[in-house]
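S.K.: These are the residues of each chain, in order.
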Amino acid sequence: MIENSFNRRDFLKVLGWGGATVALSGCGNTSVEDGKEFVTSYVQTADYIIPSIGTYFNSTCAQCDAGCGIMGRVREGRVLKLEGNPKSSINNGKMCGLGQAGVQAHYNPDRIREPLLRNGDKGEAITWEKALGLINEKVGGVKAENVAFLTGGVSGHVKALLKNYLDALGSGHHYVYEAVAPSIMRAANKKAYGIEMPRLRLDKAKVIVSFGADFLGAWISPVHFSQQYARFRKADNGERGVLVQVESKMTLTGANADRWLAIRPGTEGILALGLINSLAAAGLSVPGDVAAAVKDYTADRVSKDTGVSNEHIGKLAALLKERSPSLIIAGSAAEGYAHGSQNATAIALLNQVLGNVGKTVEAPSGVPFPQMAPTPGNRFALQALNDNMAQDKVKVLFSYGANPVFTAPASMKLKENLKKVPFKVVFAHYMDETAVEADLVLPLDSALEDWATAMPEYIAEGAQLSIQQPLMEKLYPGTLGMGDILLALLKQRRPDEYKGYEDFYSYLRSAMVSNKGALGGANEDDDTFWDTALSRGVVKLVGTPVNISSNASAKGLVVPAPFVEDSAYPLHLIPAVSASLRDGRNANEPWLQESPDPLTTIVWDSWVEMHPKTAAKLGIVEGDIVEVASKSGAIKAQVYVFTGIHPDVISVPLGYGHEAMGRYAKGIGVNAFKILDPVFDKETGELAMHETRVKVTKAGQRVIIVKDEGPAGGNQMGRKIAVRMSSSKVNLSEEV
Amino acid sequence: MSITNLLENWSDFRQQHPSDDRPHREYKWAMSIDLDSCTGCNACSVACYAENNLPVVGKEKFAHGHSHHWIRIERYWDNDGREFADQGAQFLPMLCQHCESAPCETVCPVGATNHTADGLNSQVYNRCVGSRYCNANCPYKVRYFNWYNYPTIDNVWPEPMNQQLNPDVTVRSKGVMEKCTFCVQRLTVAKSDARTKGRSVLDGEVQTACQQVCPTGAISFGNLVDPEAKVGKQWMKQQVDLNKDKQAKDAAEEAVKLRGYRILEELRTYPSVMYLEQLRESAI
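Read top to bottom, the protein sequences are chains Z and W. In terms of the working numbering, the first sequence opens at residue 213 and continues consecutively. In terms of the working numbering, the second sequence opens at residue 5 and continues consecutively.
Note that these hints are calculated values from the structure, not bench results. Keep in mind that a hint or two might mislead.
What the hints assert, rightly or not - Residues from chain Z that keep clear of chain W, each with C-beta distances beyond 10 Å, as calculated: (1) Gly296; (2) Ala585; (3) Ala675; (4) Pro774; (5) Gly897; (6) Glu921.
To be verified - Think about it this way: if two alpha-carbon atoms lie no more than 20 Å apart in a straight line, the pair counts; the simulated SDA-like pairs of lysine to any residue are: (7) Z/Lys686 to W/Leu169; (8) Z/Lys848 to Z/Asp817; (9) W/Lys63 to Z/Ala872; (10) Z/Lys886 to Z/Ala841; (11) Z/Lys825 to W/Gly85; (12) Z/Lys516 to W/Asp90; (13) Z/Lys402 to Z/Asn763; (14) W/Lys145 to Z/Lys605; (15) W/Lys65 to Z/Ser747; (16) Z/Lys878 to Z/Glu777; (17) Z/Lys533 to Z/Asn522; (18) Z/Lys825 to Z/Glu871; (19) Z/Lys932 to W/Asn83; (20) W/Lys248 to Z/Asn763; (21) Z/Lys829 to Z/Glu871; (22) Z/Lys607 to Z/Lys631; (23) Z/Lys605 to Z/Asn763; (24) W/Lys63 to W/Val193; (25) Z/Lys527 to W/Ile288; (26) W/Lys63 to Z/Glu871; (27) Z/Lys516 to W/Glu87; (28) W/Lys63 to Z/Gly835; (29) Z/Lys607 to Z/Arg705; (30) W/Lys178 to W/Ile157; (31) W/Lys145 to Z/Met929; (32) W/Lys65 to Z/Lys686; (33) Z/Lys932 to W/Ile288; (34) Z/Lys375 to Z/His385.
These numbers come from a predicted model, not from an experiment. Don't be surprised by glycine CBs; every beta carbon is placed ideally from N, CA and C.
For reference, chain Z alone in the conformation it holds in the complex (with noise of 0.2 Å):
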């Protein structure tokens, strides 16, 4: 019977696949049916091409900037699974669910796959040829100074690409933007340490004190601390780290300390510069230039102004004194507020005085190729694009790896001085809000098929050059990498210098192999060379030794007087970053959607989180839809209530409330980015993302949120299911 219903064409159809993946060329998916491919028979195939056995392509996770080795599971021609790469020092075979999630972006449907020239309302398919020329056109057609590029964070060779662009067309306006990087805290530390991104030892701390960095969850390298974290709490001698998370709403990282202190929102440098006081006052050895400037901060007026009690200021304190080394961090204290550099400073000058720059904060190594290294992107360059396309001063924009229209401010008006560049380019995997402004739509190939290096901001040890490789065929033959598109670009303008490489693939080859003895392969032949590290994933580069300062010093230091109350909007609002959406780029990916958020468990929609005594006095229950106002505008969303926030503060998560996008994103949940208002860092001008001051009114409906928790909430109801026992009455070390 098998014979009968075996279908010839199908069985040489998949074989022709895995044939196809192996050379890594040809045009998709159907070019066996088409008859523009050869089918190569099992016979002739790479010894590892096994039908029914997964074979395993080492390459770099985009889902996040953290620059995770992966490894894709490829089996017959299709990869199925994101795992993590051993060989990565970032982090080390594991993964997180945003990353996992990737393949969800390599087979979305809602992805673009063909470019789209505006014309009225719609976009027209043209071809990549006719595209390419308009962009050669318009650029030709303006002054240099007016072309205008905007991207995420880049690094490696597409970074050095697109600076030669940039340098082709005698422009230097390049706009580095992410929407919740730390980027105030990196401007921080380059004043304490003389680094802007130093090594953090959670392993070798005995505690931590973090100020608002949910490193578990969302923030710079969440795998890797994830990791450090583990070693942190169980020590090969057996030694426990303490874990203390000091914040105004409750994050992962909040949800996994051993104790979590709600402070009232930007008090945070006072609280610091308030335990440098009882240090000193225990005995800690304190300049006297420090000990003079926090003298003030006794532990009662600390605890007025933080809310935080005087028992738990001075139990910190003791634990700080007795258990060396610690590590403090800045997370939100230095980016929410717009005092968020004198927080960050504070909270620095709190790790000098402990002593721990050089013991858990280390120094970094540099980067060989500077053209190559990291360029993180940061909240202010959006701002100074933004100032020249209303002053017109922007005739071309580009934009690439961002979403400036959904992640702006609706206070800064960006869609409509988007309006009045004339020709706007956008590099895109869905129709997002930006892409719909677009004059021009240019698909991007997804990143599991695209060519590419990485250098990641903060790289666990040593240098690494991350290499991102296709692991399968391309889905559609009208994407491309954004490396093609910018060679092909570059062919316009210097053509003599570019002509040589037929593709970026050619490009990166030869850069790579004529540069091989810095990258480790002097020894080696091309092929060989070429072939290590495309199989590795990783190339680790010799960095260079840089210096870390600690210079615990008191000047400079001033950190205001808390807050004052604002009757007419008596609340702050603190725009939550998840693990999962982050700054919402990933949000039609539905694994996503449906994988519940770790503190409140609501999945498909967005939640206003709400502290009982808060709820209590406004009269509001789970369930209740509120209005959030802000003086910049307002929105609509569920009400969870639960303990893990401040009262004074109601968060609302970042990344929901897409209008457009794909149909997992679509139309769930609200874009808390619209309300927030345009307060700065005085020191950085970069958008303080937790200055906004909002009031929340009841809008009549109720629902039943929709979410993992049961009826009893986090009751356990007298059961023992989840069991806690104090960390004195174990020994760790005789664990296995």
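Starting from the structure of chain Z, add chain W where the hints point.
M.R.: Same frame as chain Z, but now just chain W:
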């Protein structure tokens, strides 16, 4: 298999659990989860979706309790009426406990769920008639029913999303019960590979998808029969005995250093998953 053979060696074929006199022979798959390492990040759950072809059901069906997360993170608060959850949350990855004496198995009218020789609680999809008795009888609520035809009528994997489906795992259709399998497709391959080499599966040779992804390494999985297996050593150290419904920890005051326990053990389900209690520092 002749009927004579079956009758004569009945006790060999019938899996009776738990029992000290009839131990597992080659394999007994088991897990341990350290709740002090678990951060509740949900990576395990997403990995399970990727590995086991779990459908994303959407908001409305999720509200009806139709979600299909074979491993889910339960989140509890231990507030005692305090103003803040100031010792954080308690996260607990909940999955099929692969009970040695599973309440779901005894109620299945068609024998669709039963115990395998290597200690898995298995679910045979093409035997299942959808009575859902097993679901009603499971104290852990880890069985998930296909109320809809997700692959076809509901189209939860619209083209080309269906290309991501793992060919090693059946895509279930309407009317079938499903649950965590301890990634049986991986176990089968590992056992087969080991058998080819004339030995048993070594510790670390096979990982479940949730264990593999876990950023803090909170999940250990392995063969309890293998004396070298980490999971067995953990169970031994914590003095948790698979075949007992009361452990040393419950009995003696001096055993308080132990933090291994099994959930709802008093129901005498003899689970194959041991949890290690979460810790909290008392100095702060």
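S.K.: Please verify whether W/Lys63 and Z/Gly835 have alpha carbons no more than 20 Å apart.
M.R.: holds, 15 Å
S.K.: Check the hint pairing Z/Lys375 with Z/His385 against an upper bound of 20 Å on the C-alpha distance.
M.R.: holds, 10 Å
S.K.: When you check the alpha-carbon spacing of W/Lys63 and W/Val193, does it fall within 20 Å?
M.R.: violated, 36 Å
S.K.: W/Lys178 and W/Ile157: Cα distance at most 20 Å?
M.R.: Holds. W/Lys178 to W/Ile157 sits at ~10 Å (cutoff 20 Å).
S.K.: So is Z/Glu921 really clear of chain W, every C-beta pair being over 10 Å apart?
M.R.: At about 6 Å from chain W, Z/Glu921 fails to clear the 10 Å cut-off, so the statement is violated.
S.K.: Compare the distance between the alpha carbons of Z/Lys686 and W/Leu169 with 20 Å, and conclude whether the hinted pair is satisfied.
M.R.: holds, 18 Å
S.K.: Is the straight-line distance between the alpha-carbon of W/Lys145 and that of Z/Lys605 20 Å or less?
M.R.: violated, 61 Å
S.K.: With the threshold set at 20 Å, check whether the alpha-carbon distance from W/Lys145 to Z/Met929 stays at or below it.
M.R.: holds, 16 Å
S.K.: Holds or violated: W/Lys63 with Z/Glu871, Cα cutoff 20 Å?
M.R.: Answer holds: W/Lys63 to Z/Glu871 is near 18 Å, not above 20 Å.
S.K.: Please verify whether Z/Lys878 and Z/Glu777 have alpha carbons no more than 20 Å apart.
M.R.: Outside the cut-off at roughly 36 Å; violated.
S.K.: Given the hinted pair Z/Lys932 and W/Ile288, is their alpha-carbon gap at most 20 Å?
M.R.: violated, 25 Å
S.K.: Decide, holds or violated, for the assertion that all CB atoms of chain W are farther than 10 Å from the CB of Z/Gly897.
M.R.: With a cut-off of 10 Å, Z/Gly897 remains clear of chain W, as the shortest Cβ separation is near 33 Å.
When the structure is compared with the earlier hints, violations turn up for hints 1, 6, 14, 15, 16, 18, 20, 21, 23, 24, 32 and 33 and for no others.
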